[in-house]
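Visitor: The primary structure of each chain is shown beneath.
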Amino acid sequence: MPGGGALPPGTSFPQHLALTMMTGAILQAINGVSLAALLFLLASGFTLTFGLMRVVNMAHGAYYLLGGYVGLSTVRATGSFALAIAAGGAAIVLLGYLVDRFLIRRTGENHLAQVLLTVGVAFVIGDIALKIWGGDSLKVHVPELLRGPMELPGGLVYPAYRFVLIFFSIVVGVLLWVLYRKTQIGAVVRAGVDDREQVSATGINVDRLFVIVSALASFLAGMSGVVGGAFLMLYPGAEWEILVYALVVVIVGGLGSLEGAMIGALIVGLLDAYGRWLLPEFSYFVLFAPMALLLLVRPRGLFGKDI
Amino acid sequence: MTPPAIEVGALTKEFGGLRAVDGISLSVATGERRVLIGPNGAGKTTLFHCITGTLSPSAGRVALFGRDVTALAESRRTALGMGRTFQISNVFANLSLAENLVLALIGTGRRKWIMHRPVGAYPDLRRRALEGLEHVGLRQRADESVKHLSYGERRQLELALALNSNPKVLFLDEPCAGLSPGERQRISKMIGALPRDITLVMIEHDMDVALGLADRVTVLHRGRIILEGSPAEVQANPEVRDVYFGHV
Amino acid sequence: MGRVGIGLALAAFAVALTLPQFAGPFWMGLVTQMLIFGLLALSVDLLLGQTGLFSLCHASFFAVAAYTTAILQVRYAVPTLLAAPAGLVAGTLLALGFGLAVRTRGVYFILITIALGYIVWGVLHRWSSFTGGDNGVTNVPFPAVGELRIGSHTEYYYFVLAVVIACALVYRVLIASPFGLSLRGIKASETRTRSLGYRTGLHLYAAFVLSGLLASLAGVLYVYYNRFVNPVSASFPISVEATLMAIIGGSGTIAGPFIGSGIILGLRNWVSSFFELYATVMGVVFIATVLWAPDGIVGLVNRLRAARARRKAL
Numbered sequence: 030m031p032g033g034g035a036l037p038p039g040t041s042f043p044q045h046l047a048l049t050m051m052t053g054a055i056l057q058a059i060n061g062v063s064l065a066a067l068l069f070l071l072a073s074g075f076t077l078t079f080g081l082m083r084v085v086n087m088a089h090g091a092y093y094l095l096g097g098y099v100g101l102s103t104v105r106a107t108g109s110f111a112l113a114i115a116a117g118g119a120a121i122v123l124l125g126y127l128v129d130r131f132l133i134r135r136t137g138e139n140h141l142a143q144v145l146l147t148v149g150v151a152f153v154i155g156d157i158a159l160k161i162w163g164g165d166s167l168k169v170h171v172p173e174l175l176r177g178p179m180e181l182p183g184g185l186v187y188p189a190y191r192f193v194l195i196f197f198s199i200v201v202g203v204l205l206w207v208l209y210r211k212t213q214i215g216a217v218v219r220a221g222v223d224d225r226e227q228v229s230a231t232g233i234n235v236d237r238l239f240v241i242v243s244a245l246a247s248f249l250a251g252m253s254g255v256v257g258g259a260f261l262m263l264y265p266g267a268e269w270e271i272l273v274y275a276l277v278v279v280i281v282g283g284l285g286s287l288e289g290a291m292i293g294a295l296i297v298g299l300l301d302a303y304g305r306w307l308l309p310e311f312s313y314f315v316l317f318a319p320m321a322l323l324l325l326v327r328p329r330g331l332f333g334k335d336i
Numbered sequence: 124m125t126p127p128a129i130e131v132g133a134l135t136k137e138f139g140g141l142r143a144v145d146g147i148s149l150s151v152a153t154g155e156r157r158v159l160i161g162p163n164g165a166g167k168t169t170l171f172h173c174i175t176g177t178l179s180p181s182a183g184r185v186a187l188f189g190r191d192v193t194a195l196a197e198s199r200r201t202a203l204g205m206g207r208t209f210q211i212s213n214v215f216a217n218l219s220l221a222e223n224l225v226l227a228l229i230g231t232g233r234r235k236w237i238m239h240r241p242v243g244a245y246p247d248l249r250r251r252a253l254e255g256l257e258h259v260g261l262r263q264r265a266d267e268s269v270k271h272l273s274y275g276e277r278r279q280l281e282l283a284l285a286l287n288s289n290p291k292v293l294f295l296d297e298p299c300a301g302l303s304p305g306e307r308q309r310i311s312k313m314i315g316a317l318p319r320d321i322t323l324v325m326i327e328h329d330m331d332v333a334l335g336l337a338d339r340v341t342v343l344h345r346g347r348i349i350l351e352g353s354p355a356e357v358q359a360n361p362e363v364r365d366v367y368f369g370h371v
Numbered sequence: 616m617g618r619v620g621i622g623l624a625l626a627a628f629a630v631a632l633t634l635p636q637f638a639g640p641f642w643m644g645l646v647t648q649m650l651i652f653g654l655l656a657l658s659v660d661l662l663l664g665q666t667g668l669f670s671l672c673h674a675s676f677f678a679v680a681a682y683t684t685a686i687l688q689v690r691y692a693v694p695t696l697l698a699a700p701a702g703l704v705a706g707t708l709l710a711l712g713f714g715l716a717v718r719t720r721g722v723y724f725i726l727i728t729i730a731l732g733y734i735v736w737g738v739l740h741r742w743s744s745f746t747g748g749d750n751g752v753t754n755v756p757f758p759a760v761g762e763l764r765i766g767s768h769t770e771y772y773y774f775v776l777a778v779v780i781a782c783a784l785v786y787r788v789l790i791a792s793p794f795g796l797s798l799r800g801i802k803a804s805e806t807r808t809r810s811l812g813y814r815t816g817l818h819l820y821a822a823f824v825l826s827g828l829l830a831s832l833a834g835v836l837y838v839y840y841n842r843f844v845n846p847v848s849a850s851f852p853i854s855v856e857a858t859l860m861a862i863i864g865g866s867g868t869i870a871g872p873f874i875g876s877g878i879i880l881g882l883r884n885w886v887s888s889f890f891e892l893y894a895t896v897m898g899v900v901f902i903a904t905v906l907w908a909p910d911g912i913v914g915l916v917n918r919l920r921a922a923r924a925r926r927k928a929l
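Residue numbers (my numbering), protein chains in the order written: chain Y, 30 to 336; chain R, 124 to 371; chain E, 616 to 929.
No lab work stands behind these hints, which were simulated from the structure alone.
Model, not experiment: these values are computed from the prediction.
The beta carbon of each residue, even a glycine, is placed where N, CA and C say it ideally should be.
A hint or two may mislead.
As the list claims (entries may be wrong) - Selected chain R positions facing chain E (in silico; Cβ < 10 Å):
#1 T175
#2 S198
#3 R200
#4 M205
#5 N217
#6 G232
Stated by the list, open to error - From the derived model, a few chain Y residues whose C-beta atoms are all more than 10 Å from chain E:
#7 F42
#8 P43
#9 H45
#10 L48
#11 L127
#12 K160
#13 H170
#14 L174
#15 E180
#16 A189
#17 V203
#18 V207
#19 V235
#20 A321
Please construct the entire structure, taking both the sequences and the accompanying hints into account.
Guide: As structure tokens, this is what we get:
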């Protein structure tokens, strides 16, 4: 931890402890917000597809992992991080389309069937990814420009990449928000969250809209795998861990709500960071227990509506 | 003086700004047969839902035999003597007719919690279930699955479920909806033959059925009561003709 | 069907009783495992098949019961007679807590139970000072009551068989009872049951807790069979697999979850002996079940029969 080592002259031990705690708290805040940035990228797609199509896609975590692996290989082959993001996203758009068109579409609105089916899809993706990329933890290489440490006021040092990620996520968030609140597509999606009947009543080509929104969600999932793989590791099993985080984000925020996904991501990111720091053995508990309590009071999440 | 069976005070139900029920007050005496009429969207079913506890009202109160039940759950209201049917048949499609009736019979008692003996160990349940089916003319089909019932037969079963939960006040939501004239007559006869100590509140579109059964009629329009009176008064009222018959 | 069913059950019982005569230790181990996971699948199906609730946290009760028993036996040398019931109590207490999830329905219930399941997995995985982390708890002894001790896998097999049969009989009474009928009523129409006077949430909560108790029993049986336990036993794939077992065998029946457990574990053992990508095969089984056999083996047989009858009729 920065600021450790011998006591600086003129400070007492309690003062030093307080200082260390302070820097720790600040660092964890940045950790939390950068995790939140990643979770938002992943969860926003999930929540939008659910809102519009009532589809629970448990393969979302596997999309993340596979997108990350594709990005990793792209960086290895071309050295371009931007290309990796595009490739990771595009690969998942294609895969997601096929899964949607030939599998999920056939389950109707049966959530049980959707969950089992997409878990099956995730098993297949995870297994094949294991065969291709192996069982070791891998990291996507970020370009030199983004890699270096960044000095913060107060002598703190932090990897620049995380700030870029936060910035990137904000940009994506703003774009999604504009799409969601200010365009016709967004209006239809929001109407769909409230009342499915309304969507068909608008006279819009619903099928095409579904394809567009799920392609967007797939792209976000694949892309988040690449940007996430650059600071978290990619490894077999990561698909389930990240999925559960995304699920919690979506549940806390309220299924189908973009604003909910933003707030939910922040809550989950910060709880996770502080939980790991202060109560490492119970960090999952710190993360999930408040969520469980929240849901007992508000089963639909913070911004959720009756469905 | 005994309190009325049902007393509704200034009841309002809003759905996202839309007032489906707009400050309705209503009193139904014990043993009375009240029919609610009104065009589609008048708020009749929503009012029913709020009285029986399926929905909770945005404002107002509901009392059953003088006891305030506004805050009580639907199941508690049933235990206190409310029974109801649904506009769209709501029966247990995966069970046999007899099992449907057993569920109605044990719903308000403690026996629904028995876990250590099969239903078959209680012959009285079987007997009463068959009696209940007999009453609506479905006894021969007691052990068939509800899946095999026709639409009309489902309406009969729907009524049997409500009757066998031992209600003191029975709410019937368009019991004859979608039935052929023959079936309609049959059901309305069944309802007419109910013991007079059961208070009846009924939504009905068919004016002949409604006016034949009702002691009093309440006319709803856009979430409000526009008239209440005897069947003859209601029939004679020009405003009702305009609102009600103008729309059908 | 009744007489055929009893005949089949007796035949299965006869086979189960004589199995150790002709099956080696490997097969006995596999069959014991099938029985234990069949019990876990049955616990999932008490919710799924009877009430319609789709819970994905049953591995939690299974694992917490297994860990409690294992830690008491191994670390505190508590005798089986206390350690095993303690496991049941711990798993059931957890179910009492998680059962509050019945406040929600449908997709919310599914997602919340997934998240609750992860709390348990996460705590078992990270709280290494107590749970042993990823290594878990090892060297669990065979169960023993005073002088009476189980000394071999065959003996343990008979013990598990006896417990499973007892459970199946109790379960049969439970689902045929007024309470069981009420659950099926809720599954068919919750609004209707409510209007008939049922506090449906309370019924579902009771079913959830009972189901957690059954899953805990499977967990205790498992830890004495496996002799060690690690966080994998609490993981999400265990919960989904138990659900798949119930569905593939025939949800809503008693034999179904056991048939499903036999199919899944048998398939996994067979495939993994010659094919590296066996998880892929499992994934395909998930997909195929949903698309072509959503009512399980029983439903599939019935459908094929009906199709053949139709063809003949034409």
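Visitor: Give a verdict on every hint.
Guide: Taking the hints in turn, this is what the structure says about them:
1. Taking 10 Å as the C-beta cut-off, the interface hint given for T175 of chain R holds, the closest approach to chain E being about 7 Å.
2. Annotation: interface hint on S198 of chain R holds; nearest CB of chain E at approximately 5 Å, less than 10 Å.
3. Residue-level restraint check for R200 of chain R holds (minimum Cβ-Cβ distance to chain E is 9 Å; threshold 10 Å).
4. The interface hint given for M205 of chain R holds, since its Cβ lies 8 Å from the closest Cβ of chain E, which is under the 10 Å cut-off.
5. Hint on N217 of chain R holds. Least Cβ distance to chain E is approximately 5 Å, under the 10 Å limit.
6. A hinted interface residue such as G232 of chain R counts as satisfied when its beta carbon comes closer than 10 Å to some beta carbon of chain E; here the least separation is about 8 Å, so the hint holds.
7. Distance check on F42 of chain Y: its Cβ is at least 27 Å (rounded) from any Cβ of chain E, clearing the 10 Å threshold; non-interface status holds.
8. Against the 10 Å criterion, P43 of chain Y stays outside the reach of chain E, whose nearest CB is about 28 Å from its own CB.
9. Every Cβ of chain E is farther than 10 Å from the Cβ of H45 of chain Y; the closest lies at roughly 28 Å, confirming the non-interface assignment.
10. Residue-level check passed: L48 of chain Y sits 28 Å from the nearest beta carbon of chain E, beyond 10 Å.
11. No beta-carbon of chain E is positioned within 10 Å of the beta-carbon of L127 of chain Y; the least distance is around 13 Å.
12. Not every Cβ of chain E is farther than 10 Å from the Cβ of K160 of chain Y; the closest lies at roughly 6 Å, contradicting the non-interface assignment.
13. Separation of H170 of chain Y from chain E is adequate, the least Cβ-Cβ distance of about 28 Å exceeding the 10 Å criterion.
14. In this structure L174 of chain Y is separated from chain E by more than 10 Å, as the shortest Cβ-Cβ distance comes to about 35 Å.
15. Against the 10 Å criterion, E180 of chain Y stays outside the reach of chain E, whose nearest CB is about 32 Å from its own CB.
16. A cut-off of 10 Å between C-beta atoms confirms that A189 of chain Y is not in contact with chain E; the least separation is 30 Å.
17. The claim that V203 of chain Y is not at the interface with chain E holds, since no C-beta of that chain comes within 10 Å of its own (minimum 27 Å).
18. In this structure V207 of chain Y is separated from chain E by more than 10 Å, as the shortest Cβ-Cβ distance comes to about 28 Å.
19. Every CB of chain E is more than 10 Å from the CB of V235 of chain Y (nearest about 20 Å), matching its label as outside the interface.
20. With a cut of 10 Å on Cβ distances, A321 of chain Y falls inside the contact zone with chain E, its closest approach being about 6 Å.
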